[in-house]
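Protein chains in written order, with the working numbering: chain A, 13 to 581; chain B, 0 to 50.
Since the hints were derived computationally from the structure, they do not count as laboratory data.
All C-beta atoms in this analysis are idealised placements derived from N, C-alpha and C, irrespective of residue type, glycine included.
Accuracy of the hints is not assured; some may be wrong.
When the alpha-carbon atoms are kept at most 25 Å apart in a straight line, the in silico DSS-like pairs for lysine-lysine are as follows [as the list claims (entries may be wrong)]:
hint : chain 1 : residue 1 : chain 2 : residue 2
1    : B       : 50        : A       : 183
2    : A       : 427       : A       : 526
3    : A       : 275       : B       : 9
4    : A       : 186       : A       : 72
5    : A       : 30        : A       : 522
6    : A       : 72        : A       : 427
7    : B       : 9         : A       : 186
8    : A       : 427       : A       : 40
9    : A       : 275       : A       : 183
Reference excerpt, derived from the structure (chain A facing chain B, CB under 7 Å, subset only) [claimed, not checked]:
hint : residue
10   : 191
11   : 200
12   : 204
13   : 205
14   : 208
15   : 234
16   : 235
17   : 242
18   : 276
19   : 278
20   : 286
21   : 289
22   : 292
23   : 301
24   : 302
25   : 372
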Amino acid sequence: MATTTMSEFRVDPVSGLKINRTANTLVKVNAFAAIVFLLVGGLFGIGVALTRMPGVQLLKPELFYMFLTAHGIVALMVWIIFFEMAVLYFLGAHLLGNRLATPRLAWTQFWLMIIGAAITAVAILQGNSSVMMTSYVPLQAAPHFYLGLILFAVGALIGCFVFLGTLVVAKEEKTYTGSLPLVVFGGVTATVIAIFTIASGALILIPTFLWSLGLISQIDPMMYRVIWWAFGHSSQQINVVTHISIWYLIASLVFGAKPMSEKVSRGAFLLYILFLQLGSVHHLLADPGLSSAWKIFNTSYMLYLAVLASMIHGLTVPGSIEVAQRKKGLDTGLFTWLRKAPWGNPVFSGMFMSLIGFGFIGGITGVVMSVEQINMIIHNTMYLPGHFHGTVVSGTTMAFMAVTYYLIPVVFQRKIALGAIAKLQPYVFSIGGAIFAISLMGAGTLGVQRRHADISFAGQPLAYEYPEIAKGLMSFGEIGGIVMALGATMFIIVVLASIFTGERIAEDAKPWPKVEDADVVFEKTGKKHVGTGGFEAPGTFVLAMVLFVTLVLYYFINFKYLSSVWSMS
Amino acid sequence: MSEPTTSSEKRHVMQLVLDDNMLMLFLAITVPTVFYTLWGIMEVITIPMAK
Numbered sequence: 013m014a015t016t017t018m019s020e021f022r023v024d025p026v027s028g029l030k031i032n033r034t035a036n037t038l039v040k041v042n043a044f045a046a047i048v049f050l051l052v053g054g055l056f057g058i059g060v061a062l063t064r065m066p067g068v069q070l071l072k073p074e075l076f077y078m079f080l081t082a083h084g085i086v087a088l089m090v091w092i093i094f095f096e097m098a099v100l101y102f103l104g105a106h107l108l109g110n111r112l113a114t115p116r117l118a119w120t121q122f123w124l125m126i127i128g129a130a131i132t133a134v135a136i137l138q139g140n141s142s143v144m145m146t147s148y149v150p151l152q153a154a155p156h157f158y159l160g161l162i163l164f165a166v167g168a169l170i171g172c173f174v175f176l177g178t179l180v181v182a183k184e185e186k187t188y189t190g191s192l193p194l195v196v197f198g199g200v201t202a203t204v205i206a207i208f209t210i211a212s213g214a215l216i217l218i219p220t221f222l223w224s225l226g227l228i229s230q231i232d233p234m235m236y237r238v239i240w241w242a243f244g245h246s247s248q249q250i251n252v253v254t255h256i257s258i259w260y261l262i263a264s265l266v267f268g269a270k271p272m273s274e275k276v277s278r279g280a281f282l283l284y285i286l287f288l289q290l291g292s293v294h295h296l297l298a299d300p301g302l303s304s305a306w307k308i309f310n311t312s313y314m315l316y317l318a319v320l321a322s323m324i325h326g327l328t329v330p331g332s333i334e335v336a337q338r339k340k341g342l343d344t345g346l347f348t349w350l351r352k353a354p355w356g357n358p359v360f361s362g363m364f365m366s367l368i369g370f371g372f373i374g375g376i377t378g379v380v381m382s383v384e385q386i387n388m389i390i391h392n393t394m395y396l397p398g399h400f401h402g403t404v405v406s407g408t409t410m411a412f413m414a415v416t417y418y419l420i421p422v423v424f425q426r427k428i429a430l431g432a433i434a435k436l437q438p439y440v441f442s443i444g445g446a447i448f449a450i451s452l453m454g455a456g457t458l459g460v461q462r463r464h465a466d467i468s469f470a471g472q473p474l475a476y477e478y479p480e481i482a483k484g485l486m487s488f489g490e491i492g493g494i495v496m497a498l499g500a501t502m503f504i505i506v507v508l509a510s511i512f513t514g515e516r517i518a519e520d521a522k523p524w525p526k527v528e529d530a531d532v533v534f535e536k537t538g539k540k541h542v543g544t545g546g547f548e549a550p551g552t553f554v555l556a557m558v559l560f561v562t563l564v565l566y567y568f569i570n571f572k573y574l575s576s577v578w579s580m581s
Numbered sequence: 000m001s002e003p004t005t006s007s008e009k010r011h012v013m014q015l016v017l018d019d020n021m022l023m024l025f026l027a028i029t030v031p032t033v034f035y036t037l038w039g040i041m042e043v044i045t046i047p048m049a050k
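Construct the complete structure from the given sequences, taking the supplied hints into account.
Spelled out as structure tokens, the structure:
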């Protein structure tokens with residue numbers, strides 16, 4: 013067993029956590045790199061949005077595809093995976109009062125990811141690798157495009173094993189006993205899904221790299237698509253698991269809440285481990301040659317078990333907040349607990365916006381588009397970017413932003429600067445994201461194709477005129493995109509101002525007031541029950557029913573629309 | 000966030016399963032590899048060649 017001295021640790025006055033200094037440096041550098049890449053990815057995103065807006069069309073097609081490739085890779089992979097590395101080190105080291113298993117390997121993770129991202133960025137900016145994030149063959153990028161991605165993925169894989177090793181150290185050194193806390197178990201879930209994801213990426217990107225060097229004569233396009241999506245879609249599932257773990261963390265930090273049923277929540281994470289990655293098939297529902305048995309088994313049977321898990325988390329996280337609020341005295345009416353929640357605290361408001369955005373926008377549309385028949389209406393349309401901005405932007409990115417407001421005092425030892433902007437930021441970002449996602453899904457339902465610089469197809473031999481409402485939706489959606497970018501800019505300004513100019517929190521500062529454990533407060537009241545009508549969390553039950561009814565209605569509306577698209581006579 | 004259970008408490012078999020990180024890793028790799036990747040590859044390689 014390795015020995016540790018107390019000088020390697022500090023007790024954080026903000027959180028009360030025992031923080032290892034080396035681990036903290038690695039959390040810092042990964043989080044900081046993530047924020048820088050969010051800025052870069054966002055700038056490319058603005059270029060894409062202003063080109064897709066029919067009245068603006070900022071970029072020429074060549075530049076549009078370069079921007080789209082850069083935006084996809086930086087925003088969907090680089091920003092998010094750097095942040096996830098920070099979260100994993102935070103969970104494994106800080107939350108367990110532990111040291112990092114192998115700091116040298118963790119630094120290798122960091123530098124490999126930086127070098128990999130830089131190499132791929134160079135390839136994209138050279139202009140000969142505008143193959144978009146999916147890089148479908150036979151589109152061929154420069155070899156260093158794939159090499160950079162491979163190095164980045166190897167770095168992330170090392171980070172996953174550093175996290176797992178850190179948990180072994182924690183168990184050996186008894187920094188926790190019994191089972192891992194639920195939030196850390198969420199980290200384990202994200203990590204094991206990440207390892208499958210990265211292995212799948214290696215399985216397809218290494219041969220594609222060799223093909224780009226001329227060492228392999230060809231890659232079968234369909235084989236590429238099948239294996240690439242085991243990497244491409246699963247990488248987004250890591251995000252889902254991570255942001256849901258962050259929801260649980262924030263519910264605990266802000267309200268002193270405990271999961272309604274820890275067993276059920278852990279079971280839901282197990283459902284993710286077993287079934288979430290099978291949803292990759294929904295990218296291939298329109299591919300000929302692949303049987304309906306494979307498609308439907310994976311998307312309409314197995315995926316629903318993962319959807320069940322999401323609905324469990326969607327119920328238990330706000331449910332745990334409601335129960336905590338009621339135990340603390342807000343036990344009247346259906347929604348008093350929600351009305352009196354700290355909406356001015358961006359840690360909470362960001363988390364709740366993430367929950368609503370992910371559930372109502374990203375979640376519902378993801379389930380419905382996984383139905384093979386309905387997928388025919390929207391496949392390869394603007395609906396897809398609308399949907400995944402609902403998950404990755406409104407869900408994941410918003411949750412990551414929310415937890416950053418907590419990490420800055422704890423990890424960077426600075427108070428949040430520009431508090432007024434920070435309070436407003438989650439609303440601006442979420443509202444922009446919602447307008448963007450919903451409008452693009454509307455345009456996609458009307459048939460507007462994705463991955464086109466000019467939806468009017470001006471000058472093309474086979475021109476197609478979309479209805480005016482589709483053009484209106486595209487313009488409105490991209491305005492939402494600009495609002496979303498404004499929200500992201502506000503976030504970056506607050507983070508940079510806090511890190512570089514925020515008031516320093518001394519190590520020996522007076523401990524910050526703790527959020528009281530809801531159970532402890534409740535015990536003092538002498539009451540036995542909270543809630544009404546036999547429900548501990550009746551408000552959350554009503555919200556869950558609203559979500560469920562919305563899902564059912566949306567499902568049938570799409571089938572009705574499908575019947576009108578392909579009328580039978 | 001929950002309090003970790005103490006080691007002296009008797010843990011349910013399901014909890015013991017969930018506490019095994021290597022088993023979780025095995026499941027996260029095996030299930031999608033069988034149902035998605037291998038089955039998907041079989042789908043592609045069994046497509047008849049065009050004549």
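Taking the hints in turn, this is what the structure says about them:
Annotation: proposed proximity of residue 50 of chain B to residue 183 of chain A is violated, straight-line Cα distance about 61 Å (limit 25 Å). For the suggested pair residue 427 of chain A and residue 526 of chain A, the alpha carbons sit about 16 Å apart, so the restraint of at most 25 Å is met. Among the hinted pairs, residue 275 of chain A with residue 9 of chain B is consistent with the structure: their alpha-carbon atoms are about 15 Å apart, no more than 25 Å. As the CA atoms of residue 186 of chain A and residue 72 of chain A are separated by approximately 59 Å, the hinted pair breaks the 25 Å bound.
Only pairs whose Cα atoms come within 25 Å are accepted, and residue 30 of chain A paired with residue 522 of chain A is accepted, the gap being roughly 15 Å. For the given pair, residue 72 of chain A sits about 44 Å from residue 427 of chain A by alpha-carbon distance, which is inconsistent with the 25 Å threshold. For the suggested pair residue 9 of chain B and residue 186 of chain A, the alpha carbons sit about 18 Å apart, so the restraint of at most 25 Å is met. Between the alpha carbons of residue 427 of chain A and residue 40 of chain A the distance comes to roughly 15 Å, so the proposed pair stays at or under 25 Å and holds.
Among the hinted pairs, residue 275 of chain A with residue 183 of chain A is consistent with the structure: their alpha-carbon atoms are about 21 Å apart, no more than 25 Å. Given hint, residue 191 of chain A at the interface with chain B, holds; its Cβ is 5 Å from that chain's nearest Cβ, closer than 7 Å. Given hint, residue 200 of chain A at the interface with chain B, holds; its Cβ is 5 Å from that chain's nearest Cβ, closer than 7 Å. A hinted interface residue such as residue 204 of chain A counts as satisfied when its beta carbon comes closer than 7 Å to some beta carbon of chain B; here the least separation is about 4 Å, so the hint holds.
Of the supplied interface hints, the one on residue 205 of chain A holds, with its beta-carbon coming within about 5 Å of a beta-carbon of chain B, less than 7 Å. Using the Cβ-Cβ criterion of 7 Å, the hint placing residue 208 of chain A at the interface with chain B is satisfied: the shortest such distance is roughly 5 Å. Annotation: interface hint on residue 234 of chain A holds; nearest CB of chain B at approximately 5 Å, less than 7 Å. Hint status for residue 235 of chain A: holds, given a least beta-carbon distance of 5 Å to chain B, under 7 Å.
Annotation: residue 242 of chain A was flagged as interfacial toward chain B, and the flag holds, the nearest CB pair being 5 Å apart, inside 7 Å. A cut of 7 Å between beta carbons decides the hint on residue 276 of chain A: the least distance to chain B is about 11 Å, and the hint is violated. Proximity of residue 278 of chain A to chain B holds as hinted, the smallest CB-CB distance being about 5 Å (cut-off 7 Å). Nearest Cβ of chain B to the Cβ of residue 286 of chain A: about 5 Å, under the 7 Å cut. The hint holds.
Interface restraint check for residue 289 of chain A: the shortest CB-CB distance to chain B comes to about 4 Å, inside 7 Å, so the restraint holds. At about 6 Å, the closest approach between the beta carbon of residue 292 of chain A and any beta carbon in chain B falls short of 7 Å, and the interface hint on this residue holds. The beta carbon of residue 301 of chain A comes within 5 Å of a beta carbon in chain B, closer than 7 Å, and the hint placing it at the interface holds. Because the closest C-beta pair between residue 302 of chain A and chain B is about 5 Å apart, less than 7 Å, the hint holds.
About 26 Å separates the beta-carbon of residue 372 of chain A from the nearest beta-carbon of chain B, more than 7 Å, and the hint is not met.
In this structure, the earlier hints numbered 1, 4, 6, 18 and 25 are contradicted, and the remaining ones agree with it.
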